[in-house]
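Enquirer: Each chain is listed here by its residues.
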Amino acid sequence: MLLICCPFCGPRAGVEFKFERALETIVGPEMPATEAMSRLYTRDNPRGVSGELWRHSFGCGAWLMLQRDTATHEISSVTLFEAHP
Amino acid sequence: MSGPRRLAEAGRIDRGRPIRFRFDGRAYTGFEGDTLASALLANGVRLLGRSFKYHRPRGVFSAGVEEPNALVGVGEGGRFEPNTRATDVFIYEGLVATSQNRWPSLTADFGAVNQWFAPFIPVGFYYKTFFGGPRAWRFYEHFIRRAAGLGRPPRTEEPDVFEHRAAFCDVLVVGGGPSGLAAASSATEAGARVFLVEQDERLGGSVLACPARFDGRDMADWAADVRAKVVSTGGRVLTRTTAAGYWDHNLISLAERLGEPGQTPRAGGPVQRLWRVRARRVILATGAIERPLLFGGNDRPGVMLSSAVRAYVTRFGVLPGQRIVIATCNDDAYLTALQIKRAGGKISGIIDSRPDADSEIVRQVSLSAPVRFDAAPVNAIGGTHGVTGLDAVVGGKALRLDCDLIAVSGGFTPVVHLHMHAGGGLDWDEASGGFVPTSSRQSQISVGAAAGLDGLQQVLDNGWAAGVAASAQLDLETASRAAPMGVPTIAHASRIGAALHPTPGSPLKTTFIDLQNDVTASDIDLAWREGYRSVEHLKRYTTLGMATDQGKTGNILGLARLAAAEGRPIPEVGLTTFRPPYTPVTLGLLAGEATGFHVAPERRLPLDAQHESARVAWQTSGYWRRPRVFPKLGETIQQAGLREARAVRSRVGLTDVSSLAKFEIVGPDAAALLEIVCATSVSKLAVGRGKYTFMLREDGFVCDDGTVWRLAEKQYFLTSSTGGADRMAEHISYVRKVLAPHLRVAVVTSQERWAAATLAGPRSRWVIAQLLQAPPPSHMSALTGRIGDVDVRVLAASYSGERAFEIYAAATEMPPVWEALARAVEADGGAAYGLDALELLRIEKGHVEVGAEIDGRRTPADLGLHRMLNRRGGFVGAQGLSRQALQDSDRQVLVGLAAEEPIPEGAMLIVSKGASPEGHVTSAGARLSGDGAVALGLLVNGGARMGEGLWAASPTRGKLVKVRVVAPHFHDPAGDRFRD
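Those sequence lines, one after another, are chains Z and E.
According to the working numbering, the first sequence holds residues 1 to 85 in order.
According to the working numbering, the second sequence holds residues 86 to 1065 in order.
Worth flagging that the hints you see were computed from the coordinates, not collected in a lab.
Keep in mind that a hint or two might mislead.
As the list claims (entries may be wrong) - Pair by pair, the computed Cβ-Cβ distance ranges are:
1) A685/E to Q67/Z: 29 to 39 Å
2) F8/Z to L718/E: 53 to 63 Å
3) F8/Z to E687/E: 24 to 34 Å
Idealized CB from N, CA, C, for every residue including glycine.
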């Protein structure tokens, strides 16, 4: 079971969190359709570190960005979600 | 005299405490500290089971959890545990055990005929049966299915409680053998809070079977000191506790037994406990498991692992045989010989596969027992009750040895399971014939025999150093120096040696590699010949290592044979994945207390008490329990539903809609937020007005629907389906926080804050006006008012197709409002109605519902909703909708279906019998006005097929109904019933 360090709550058991999606698949409604569909469906799926959107659903509810290695499950960073310009 | 018996003295059992138990109906006596295996051996029982496929007689093979043969069912009723290793049960007063996989009895087992069929049932035979015709297969499948499996599961409910606990510690030491005790000792002294876990009932591990003394005392006394030390500094020592799995971020799951299999736990306490321990450092002192030798008949009762024989003699005070042959490839088996001689046993001979050995222990043993080098076993001879002799080859010449016990040692395999769960690496050690841990991904280290070390002094020092190092890494407040280890006094008996291949000349068809699954050396050869040459294929095709013992004694040997056939070195062939649990765990342990009523939470409506006293029939809807019907005396549920629905159509009805999802959306950008979440326009809604709306997923498919109301200039109220409530709340948060964080809007989930009731029917307007003492809102309008003392919000919307009003009040204030509404409805000749009636009403009206028509694969156009789409776009799903495939004219679209008899819900729609389905029935019910049945469905190109005759086919229910395609509304298509 993962141990995730929420910026507000500190280190908490993974069952309190929900994996939402890969960061690259955050698709704003104003994005052009072809780019949106490509972001959603044509994916790299790397064996290694990738950026993920999580939520501390059974805790404070914060939306979080994680850098997590998909092979080793090592979590190198956990920060509050911030929209990129 | 032949066979096993109890020794007059010695052993670590308590001879002052006899225990009575039963096996296969016969009564026996053992002592406290005995396992079921040791107690049965002491009573001369050699036959404990029948093998899986060939039903060969089997006896006790080992003295630990690696036991592949002696599997019995222990306990009675709901406490019965099948497939229990007799070597892993400690007897208690009244224990009841039965043998498995035999009929009618162990000694006269009908299944033994399988041995005559052996040539036809090698590995892979079952797979090959799939290539014949289905009729023949169905015939012999019946017999194969009956023969499959070993034990039978209990048929009575589990009476005991299983507990879950979480814990944290500085250092977790897995294994209470010498290296584990040393590590726990030094880590504790260095200031760490230590958890020490051991699967046996006492600490000591391999030294329990060995006469070593330490600091002048018995090692058991030293173990007790370590335990006291750990506990006194706030740590824990758990025995009968197996570390089952090593998960992410140093989380280890422990399965603790508070009672033996089948035993009644203490006064209502749990019978087992699952710990989830987050440790800062982990030390794996899991030891090593002995391998057998490969020769013909190596599965017979009376063939045992040499270290197990030593354990029975030294720890349990049992001599497993009267004329013992020891077959080995290392020095460790000579320690067994020493112990046998000390106990007064007779050794027929020692055969050692090495060309020579000159260590001190070999010289010592040679003085009192015949030792032959360059010697190996070829074939064990015997019958149902065990071996009677051994054919061996000594320096190329045949030799027959008379014996009733063959103690074998093919070397030792480090137990690396947890290390591998944690993502570690392995190196092949040729000299000892096993894989040894190398790199670790997590904060763990393997010590002692688990790390491939040899010799008691070495493993003690290694464990001690690891404990010190682990504590040092932790930067503890209470750090201090650990006193150095003492020196044990024992003859060194090296474990190093490997004999991984069958003795040349062994009959390969009875040379067993996986004892539990009956996989022989010839089976592995067959698999290789048939092309199954990767280790993953070998495993699945032969089932090597797939039994409950997970190949603990056989995997390396099977791997060696594959490598030899391939002509490649063993490390190149590789290993299959190690997966938790290390030993089998019962499902009850994993479930913990989430059973029965506690499997899922039950959510109750604010008006639950009212419905309970009205004696409704309940319907589970997600986690909610909602009224299905309000039955009158003598009615069936079906009759009640029809009556209630007709009451709504003709007079007035009252229903509870409190579980709907509800959201308050407030702020200057409230409309903007709604126009991202919902696919309809919202900004043109006037204050005090509402409209129907629906929401899409990113891929353009409809996922939910509801209503949106503008209560004030910058205040909106959104309702949506009960079933999708949690998902909608998540989605709105996602839009608010992730997609459009710049919007100036606040959202509150108010599902539970508001209770709601719907008044529906031609008389509803009159009833609500009476209660409000004011004119009710016009269709799709909202207003606030009071019913009695309670503030209410009234929204005029129709789901049933009749004029209707949704009345919202604070959940705590709703009961008197409901009472008032119910009385008024009753007085007016109407009725309360539940989910069944609601369903009948909305089907007739053609209203789609989440879960039925909205099944996650329909676009708005499919459901006839495309005219309501927000032309501006900008909503979630707009981009997905624009995809070409979603504009196809071939798509299934919403239609109505009419028939004379009930239409089965879920039935496929076909043009003629045997044709391919072109759609299906999504919702079905009775026609409320008149006879016959109506349904909604989805049909390819349905819009152009009005009037067509089709069949609704449900082969699984044996139903075929003639239906006619019609427009998807059967009642008031123009909506005159509820418009002003």
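Enquirer: Look at each hint and say if it fits the structure.
Expert: Hints and how they fare:
Roughly 34 Å separates the CB atoms of A685/E and Q67/Z, a value that falls within the hinted 29 to 39 Å. For the hinted restraint 53 to 63 Å between F8/Z and L718/E, the CB-CB distance of approximately 57 Å keeps it satisfied. With their beta carbons about 31 Å apart, F8/Z and E687/E fall inside the hinted range of 24 to 34 Å.
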